[in-house]
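J.: All chains, full assembly: derive it from the sequences and hints.
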Amino acid sequence: MKGSRRVLLWLVLALPAGLMVGRFVSGEALAMDLYHPSGEMSVRLMVLALLPGPLADVFGPNRFLRAWLAIRRNLGVAAFGYAALHLAIYALDMQQLSAMLAELPIPGIWTGWLALLTMAIPAAISFDAAMRRLGRRWKTLQRLVYPAALLSLVHWLLLDWAWGPALIHLAPLVIAWLLRFTIRRGRFVSRSIA
Amino acid sequence: MTFPCSARFCALGLAALALGLGAPAQADGDVTCNAGPQSGWAKMSKLKKKAWLEEWKLLKMQVEGDCYEVYARTKEGQSIEAFFHPVTLKKLVVFRRGQEIYRAEGFTG
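Protein sequences appear in the order of chains X and F.
So for the first sequence, this note's numbering puts the first residue at 1; every next one is plus one.
So for the second sequence, this note's numbering puts the first residue at 1; every next one is plus one.
These are computed hints drawn from the structure, not numbers from a lab.
Here a beta-carbon is modelled for each residue, glycine too, at the ideal position from N, C-alpha and C.
Heads up, a few of these hints could be off.
Between beta-carbon pairs, the in silico distance windows are [said to hold, decoys possible]:
{"id": "1", "chain 1": "X", "residue 1": "Asp128", "chain 2": "F", "residue 2": "Trp52", "range": "54 to 60 Å"}
{"id": "2", "chain 1": "F", "residue 1": "Lys48", "chain 2": "X", "residue 2": "Arg133", "range": "57 to 63 Å"}
{"id": "3", "chain 1": "F", "residue 1": "Ala104", "chain 2": "X", "residue 2": "Ala124", "range": "43 to 49 Å"}
{"id": "4", "chain 1": "F", "residue 1": "Lys48", "chain 2": "X", "residue 2": "Pro105", "range": "48 to 54 Å"}
{"id": "5", "chain 1": "F", "residue 1": "Asp30", "chain 2": "X", "residue 2": "Pro147", "range": "27 to 33 Å"}
{"id": "6", "chain 1": "F", "residue 1": "Gln38", "chain 2": "X", "residue 2": "Ile168", "range": "27 to 33 Å"}
{"id": "7", "chain 1": "X", "residue 1": "Ala124", "chain 2": "F", "residue 2": "Lys48", "range": "45 to 51 Å"}
{"id": "8", "chain 1": "X", "residue 1": "Val12", "chain 2": "F", "residue 2": "Leu53", "range": "45 to 51 Å"}
{"id": "9", "chain 1": "F", "residue 1": "Gln38", "chain 2": "X", "residue 2": "Gly27", "range": "23 to 29 Å"}
{"id": "10", "chain 1": "F", "residue 1": "Lys48", "chain 2": "X", "residue 2": "Gly27", "range": "34 to 40 Å"}
{"id": "11", "chain 1": "F", "residue 1": "Asp30", "chain 2": "X", "residue 2": "Asp128", "range": "44 to 50 Å"}
{"id": "12", "chain 1": "X", "residue 1": "Ala88", "chain 2": "F", "residue 2": "Gln62", "range": "53 to 59 Å"}
Looking from chain X toward chain F, a few residues come up when the C-beta cut is under 8 Å (computed) [said to hold, decoys possible]:
{"id": "13", "residue": "Asp93"}
{"id": "14", "residue": "Gln96"}
{"id": "15", "residue": "Leu158"}
T.: Right under this line is the structure:
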């Protein structure tokens with residue numbers, strides 16, 4: 001991706017974070033008010049990073065999907081960025097490390113920590129040099145985003161007990177995977193770009 | 001397949017759209033208090049004393065469904081969400097990070 005376009009993309013990706021920080025600094029929002037916006041943004045970006053692969057398998061490589069695939073790594077790194085912001089907000093809300101550690105045994109909390117750690121691996125190797133050096137293993141390690149996304153949804157469900165919003169985020173992935181599964185059964189589809 | 005905009009910017013726009021959609025949901029767990037019309041409710045500010053008696057640090061009070069909801073920190077530093085009946089101001093149920101840690105006897109809402 002060209003430098004200027006990448007800058008533009010990252011400005012767009014950083015905009016919601018900027019708004020969140022602004023609301024917190026101005027006193028309009030408490031740290032606890034930002035749990036949902038930051039966490040949901042992370043999940044949405046993960047979903048956006050996971051969608052173009054199966055869609056390209058199903059519909060073939062068109063310009064739109066190629067462009068989407070070209071920014072996929074950025075979306076994944078941004079998803080991790082929002083997860084890290086989510087953790088910073090947690091620290092601001094809890095104020096004491098001891099209070100954070102005391103919550104660690106609660107399922108809704110440790111699933112969140114585990115999701116973040118699982119995401120950290122693919123995020124940490126997202127740069128070109130790591131991609132070259134790891135070769136085939138790179139793709140395998142990137143697949144850790146699947147358990148990370150599932151853990152994030154479990155984390156969300158265990159804290160809110162509201163199924164609707166979490167399932168709405170999962171739905172596009174399930175549809176894309178089902179499409180990929182059914183189409184691939186019929187005919188061979190090149191995965192060269194996905 | 002053709003697109004009205006440059007493909008890369010189209011993808012960017014789609015991403016921006018997806019990011020903006022959907023107002024963040026608030027935590028609750030669908031607690032119902034059967035509190036009747038709001039005209040019969042006690043003032044929410046009276047919950048401040050309730051929280052003080054519990055030795056909580058009050059973070060936020062709001063109406064959630066037909067309940068009063070209080071976000072607070074206990075003196076041990078635990079982050080909690082408590083639901084109070086808006087008429088009687090009785091403490092009905094308390095959650096800590098999605099786990100129920102208190103429920104008033106006989107309350108099933």
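J.: Return the numbers of the hints above that this structure violates; sort them in rising order.
T.: 4, 10 and 12
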